[in-house]
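Novice: Hey, can you work out the whole structure from these sequences and the hints?
Sequence lines, in order, name chains A and B.
Be aware that the first sequence starts at 1, since it is given in the numbering used here, and climbs by one per residue.
Be aware that the second sequence starts at 1, since it is given in the numbering used here, and climbs by one per residue.
Hints in this document: simulated from the structure, not taken from any laboratory.
Do not rely on the hints blindly, as some may be mistaken.
In silico DSSO-like cross-links for lysine-lysine, where the CA-CA straight-line distance does not exceed 30 angstroms [what the hints assert, rightly or not]:
hint, chain 1, residue 1, chain 2, residue 2
1, B, K290, A, K11
2, B, K119, A, K99
3, B, K230, B, K33
4, B, K228, A, K11
5, A, K99, B, K139
6, B, K33, B, K228
7, A, K99, B, K75
With the C-beta cut set under 8 angstroms, the calculated list includes, among others, these residues of chain A facing chain B [as the list claims (entries may be wrong)]:
hint, residue
8, W14
9, D18
10, I28
11, H29
12, R32
13, V33
14, L101
15, D103
16, R106
17, P109
18, K242
Owing to the predicted nature of the structure, the values given are computational and were not obtained by experimental measurement.
Think of the CB as a built atom: it goes at the ideal place given N, C-alpha and C, for glycine as much as any other residue.
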Amino acid sequence: MAVIALNRSDKLRWTLADAATVTRRNLIHIMRVPQLLVFSTVQPVMFVLLFTYVFGGAIKASLPPGAKYINFLLPGILIQLTAFSAMNTGIGLAEDATKGLIDRFRSLPMARSAVLAGRTLSDLVRNIFVLLLIYGVGSAIGFRISTDPLQALGAMGVLLLFGFSMSWIGATIGLTLRDPESVQAAGFVWIFPLIFASGLFVPLQTMPKWLQAFAKNQPVSVAGQATRSLLIGGPLGPYLWKTLAWGVGLLLVFIPLAVSRYRRT
Amino acid sequence: MPRRTRSDAIVAENLQKSFGDVRALDGIDITVKEGTVVGLLGPNGAGKTTAVRILTTLLSPDAGRAIVLGHDVTKEPDIVRASIGLTGQFTAVDDNLTGTEFLWMVGRLYHMSTAQARKRGAELLERFGLADAAHRTVKTYSGGMQRRLDLAASLVNHPQILFLDEPTTGLDPQSRVDLWEEIRGLVREGTTLLLTTQYLEEADQLADRINVVDHGQIVAEGTSAQLKRKIGGDHLDLVVGRKVDVQRALEALAPLVSGEPQLNGQSLSLPIVDGAGKLADAVRLLDKVKVKIVDIDVRTPTLDDVFMALTGHAAEEGE
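Specialist: Put into structure tokens, the structure is as follows:
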């Protein structure tokens, strides 16, 4: 018979070990099915190229004189890919549910949070890879970081924290719908408005006032602004605080929600 | 661990569970003695899987209680989980891991050390004839191999009780027989087994005691032999050549018949004690009155007959 965790420190140790085991399993998946990784990079690469070459000329007019659109765009692209990666979190969990693996995990004496933590953490690792790759693509077509390395690292931190928070929203949706196609369809409904009604791709001041009010404060937009300031300079303080507040707030709401969906009987 | 009576591995009392308007379990009692095999036999939708999900902590009952190895499944789920194994209705293996990686993961999640988990995984792959496929991804396995790996995963922790929910549904006949052999081996080693099935033959082959489940209730309980006895003994099935032979045959066989005959055209079904021993007598009696015999056979009741008699419908049809 397996060991039964009795005291609190054992329990914590096993919670971490369980999450590590599941993370490892998901990372093996990513390595073994590289096409999934390729598909999750195709969309942001397309966005970088389409926005730069199709809309770039038109949008440039509303940027400050001398600003290059690729420098404005790329931080936004990085944030939007972390938001879309939340959909992958949901799809992965929905697949585990339809294959019966969630039931298998639930019948084991493992931590109730481990399957979710393992999924969101492996998606975080995947995000590191995809973010660096898109940064490479952006650099190839003229993107340059104009702040110092410390701020650039800060940008990475913001991107990963924000992506991690969004992953837990995806996890909640994945375990609620339990069907990969539905999760994908739902993803467009909740992610698209956040991506486009934001300052990720275009400057906010060309939007109507009512939309600006939403776009200035919603999480994807403020995280995009914070990332942009950390990478190419500009006002940082309020954006950074709002991003951290949103990130932590979303975690506080969606971790318990996702775990309760997982426990659901 | 608190003391428990040695003999009861599972005690479930008055389990009830509804999903919306559907009453999946309508007050079920199940007792499984240690070291025995109990079968839950019933059609799709009878409530078998719901019962298993409650006993394995995946689902909480609306009412009633379930004690597994002395622990309440709703109050001490982790203790229960640590000492049971579950093979669900649908094979739950991880396509993109190798057999070795999958069992290692399960071992780790049972909180074995890395080395223990690796050793146990290798043992099980060997035992289930998967050693050659140990380093292939599971998606390259055949259906039967995946099911064996699934069963292996539920044995990682040396469970005292194994729950098998329709273990052979969807397998080809050879894989089914192979899996039965594995299951018998486990029982010989002392594993307590709760098995659900919609195959009468499977319950007959594997279970010491059978609970017949229908519409969320246990409609009968007993050994296979007891259940068969419930609906009477052997039957002599006879088909005669001409319409006039029917009455003649009934009169000739009257001394042997032990109950109400059933007639259907030129077919007769006659309850008869010790059918096999009386077959020659029956033929002789029929011959004496010149009845033309088209077909004659002694039939020992099957669990199909039991199910029909208990529930009014066949076991393998209907939702």
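Novice: Of the numbered hints stated previously, which ones are contradicted by the structure, given in increasing order?
Specialist: Result: hints 1, 4, 18 break, sorted rising.
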